[in-house]
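**Q** Listed in order, the protein sequences are those of chains A and B. Start counting the first sequence at 352; every next residue gets the next number (my numbering). Start counting the second sequence at 73; every next residue gets the next number (my numbering).
Since the hints were made in silico from the structure, they are not lab data. Yeah, the Cβ is synthetic: ideal placement off N, Cα and C, and Gly gets one too. Don't take every hint at face value.
[Stated by the list, open to error] Some chain B residues judged to face chain A by a derived CB distance under 8 Å, without partners named:
1) 94
2) 95
3) 96
4) 127
5) 132
6) 135
7) 136
8) 138
9) 159
10) 163
11) 164
12) 167
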Amino acid sequence: MTGQSELQSEFHLACKGELWAIRNALDDVERFLLEHGVTRCRIADLSLILAEAMTNIVRHGYRDSAGEIVLSLRLEGRRLRCELTDRGQPFDPSALGRSAPEPAQFNEGGYGWFIIRHLSDGVSYSRRDGHNLLRFSVPFDPVN
Amino acid sequence: MQVTLGRAGEALVISVMESRLDAAVAITFKDLVRDLTTTAGSPVILDLSRVEFLDSSGLGAVVGVMKQLGPERPLEIAGLTPSVRKLFRLTRMDTVFRIHDCVPATNDIAAAE
Chain A
352 MTGQSELQSE
362 FHLACKGELW
372 AIRNALDDVE
382 RFLLEHGVTR
392 CRIADLSLIL
402 AEAMTNIVRH
412 GYRDSAGEIV
422 LSLRLEGRRL
432 RCELTDRGQP
442 FDPSALGRSA
452 PEPAQFNEGG
462 YGWFIIRHLS
472 DGVSYSRRDG
482 HNLLRFSVPF
492 DPVN
Chain B
73 MQVTLGRAGE
83 ALVISVMESR
93 LDAAVAITFK
103 DLVRDLTTTA
113 GSPVILDLSR
123 VEFLDSSGLG
133 AVVGVMKQLG
143 PERPLEIAGL
153 TPSVRKLFRL
163 TRMDTVFRIH
173 DCVPATNDIA
183 AAE
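Please construct the entire structure, taking both the sequences and the accompanying hints into account.
**A** Right, dumping it as structure tokens:
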């Protein structure tokens, strides 16, 4: 495989909208990214973003129903573009706060969207044909 | 979810023996630690040196443990791995918890699952 085709590689995965399934999905994502020379540090960041976004889908989108989460990753130049799709309840992330809860308040939740926004770029959400579509990207800096 | 309980002087040390403290185990973790902290000892030091992945649900569970313990028994954190440290810094939780770089040596009391 040439370097060029590696840079254009894509990864697709569908998993059950359940918390335990997220772990297996993240293991597969990590394997894919390691094969493409993505640094451990970037992988840790992306795993955290995906964990937060997918947990939100399970807890809120699929609160009253079961369903799948579809994840697509695309290595594009120096960006890694990510898409998450589900058929759960619609939501509006723009309505959620951009700052983290005040630490001294000792909130047990409310950090998820802050983490997603802080660690990724160009977060966008759309609702289409009964699907939620969340898009964002992170820098891609292969070791070699 | 596996944790071990140890003692370092007056402190009770709870070591998380898992590589992930995430949404899948957050509630189990909180319940398990609540049961274990019926054992006396203060402060309670949470040893996260084996945890490579912490998400906001796991962090929320740590905060929940701190609240369960109440003001008389402070919760302190020890042994943050790089990605866990990053989440503490990002959420500024490193400013409100006492964080030990090293996990104190302990005499083990028990292991629980």
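**Q** Each of the hints needs a verdict: does it hold here or not?
**A** Evaluation of the provided hints:
Checking residue 94(B) against chain A: minimum C-beta separation of about 6 Å stays under 8 Å; hint holds. Of the supplied interface hints, the one on residue 95(B) holds, with its beta-carbon coming within about 4 Å of a beta-carbon of chain A, less than 8 Å. Nearest Cβ of chain A to the Cβ of residue 96(B): about 4 Å, under the 8 Å cut. The hint holds. The restraint placing residue 127(B) at the interface with chain A holds, with a minimum CB-CB distance near 4 Å, inside the 8 Å limit.
Against a cut-off of 8 Å between C-beta atoms, the interface hint on residue 132(B) holds, since the closest Cβ of chain A lies about 4 Å away. Annotation: residue 135(B) was flagged as interfacial toward chain A, and the flag holds, the nearest CB pair being 5 Å apart, inside 8 Å. Residue-level restraint check for residue 136(B) holds (minimum Cβ-Cβ distance to chain A is 5 Å; threshold 8 Å). For the restraint placing residue 138(B) at the interface with chain A, the shortest Cβ-Cβ distance is roughly 7 Å, inside the 8 Å limit, so the hint holds.
Interface hint status for residue 159(B): upheld, as the beta-carbon distance to the closest one in chain A is roughly 7 Å, under 8 Å. The criterion of a C-beta within 8 Å of any C-beta in chain A is met by residue 163(B), whose closest approach is roughly 5 Å, and the hint holds. At about 4 Å, the closest approach between the beta carbon of residue 164(B) and any beta carbon in chain A falls short of 8 Å, and the interface hint on this residue holds. With a least beta-carbon distance of about 6 Å to chain A, the hint placing residue 167(B) at the interface is held under the 8 Å criterion.
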